[in-house]
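Trainee: Line by line, the protein sequences are chains A and B. Its first residue numbered 0, the first sequence is counted upward by one per residue in numbering that gives the first Met the number 0. Its first residue numbered 0, the second sequence is counted upward by one per residue in numbering that gives the first Met the number 0.
Treat the hints with care, since some could be wrong.
[Unchecked claim] To spell it out: a stretch of chain A is covered by chain B in this simulated footprint if at least three of its residues, at any positions, have a beta carbon under 8 Å from a beta carbon of chain B; those stretches are:
#1 30-36
#2 96-107
#3 149-157
No lab work stands behind these hints, which were simulated from the structure alone. No experiment lies behind these values; they were computed from the predicted model shown. Note that the Cβ used here is the ideal one computed from N, Cα and C, for glycine as well.
Below, each chain spelled out in residue letters.
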Amino acid sequence: MAIVKLPIYLDSIGTVLVGILAGPFAGALTGALSNVLAGMIMGPTLIPFAVPAAAIGFLAGWAGRFGAMRSTPRAVIAGMVTGAIAARISAPISAYLFGGVTGGGTDLLVIFFRALGYPLEQATFMQGLTVDPLDKVVTFLLVAWVLHASPARLLDQYPRGLAATGRVARAWSEDP
Amino acid sequence: MIYVPADTFVDRANPLTKATIVAAALLVALAEESGPRPLLIFIALMLGVAVAARVLKPLLGALARIVLPIAVSLYVLQWVLALVQGLLSRQSLGALALALLDNVDVLGLRILAFVTAVLVVLLTTHPGRLVQAAAVRGAPPGLCYALAAALQIIPATAAHARAITDAQRARGLVVGRGLWGRARALPPLIAPLLLSTLQSAEEQAMALEARGFSRRGPRTSFFEVAESPAEPLLRWAILAAAALAFAHLRGWL
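One chain only, chain A, in its complex shape:
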């Protein structure tokens, strides 16, 4: 995201895409592995967050089964639910391992909620709830857009992708 410099993470586009195309377990594996890999390359503090990342991939797989990519409102709802659950799972990890902070700009929100008198884990959860659903809504919308823009030749190979987007597989007889 360095090229466009946006203040959202959008780090789970690949995880959501795999979840939609290949199902919940492939999505969960992608989420977990990509976080472990990011931890190896950028810094070990990312590794414990493989757990919420796996949850995001798993939920994306399930959202696909319910046709989350068929329309904009569906993608928005799926993104919000996934974001909220990811925030719930991240909160205790962030609170107990890192004292609720990550060293990023969103720490200001944790400080804000703590100053309002919320306990640490709740403050971390509320910080996640402020940022994660928005991030996942944008992620789901982008993935939905990419899937709808993808050529039939590609999407036809993924029955789950067809189900999630509501697109119909191209019949072989239609081929010129």
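The hints should help you fit chain B onto chain A, whose structure is shown.
Mentor: Showing chain B alone in chain A's frame:
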């Protein structure tokens, strides 16, 4: 990439054994909750290993980059809280702040110990070698391939992303100013990048199938990871000892 190539005994050690020893030592250091001493000893030990492996400078640099922002947030968080609570309860501000800082010290040291331990392993081990060693020792080949392949395609994907952005710019895409302008530049980058990644994943899958990757049964490895027959046993023994020590220090045994 965190890894710094250097030819020392730490680099040459079996990646799995190295990771096991560091993980076990970290577990024991984290188990002791009475004070910061075990954590300080552990961190000093890791710094010693870093000196022996000639990676002290990159280690300190990476620590500053990763731990410093967390530490700043942690202390600011505690100070703001101390201030608000002190003002509300009309307690002695100094006493309150000291009590809170005490807690931060142990937490901060725990974070420092965890990050230092993983960094020392990563600085002295190429991630690819770690994955290979795991594969040779019987980790699921599909999982190992996924990790190794992802490691290898990161630079290629980054270069591809730059090429796509350049191509879109050449066709008149303007990365605009402001949030909305930058957000609009995102879809023209993401769609081609994701679709071409899917395509290449399919090509790789077919290439693997053609080479019999999904066959069951014993496999040979292109890479040799030198180790004595006793080394896997040693790793399990170290892990078991660390688990016992953890349980004992926590009062479970």
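Trainee: Now, for every hint given, state plainly whether the structure supports it.
Mentor: Taking the hints in turn, this is what the structure says about them:
1. 30-36: It holds, with 4 qualifying residues against the three required.
2. 96-107: holds (count 9)
3. 149-157: Result for this restraint: holds, n = 4.
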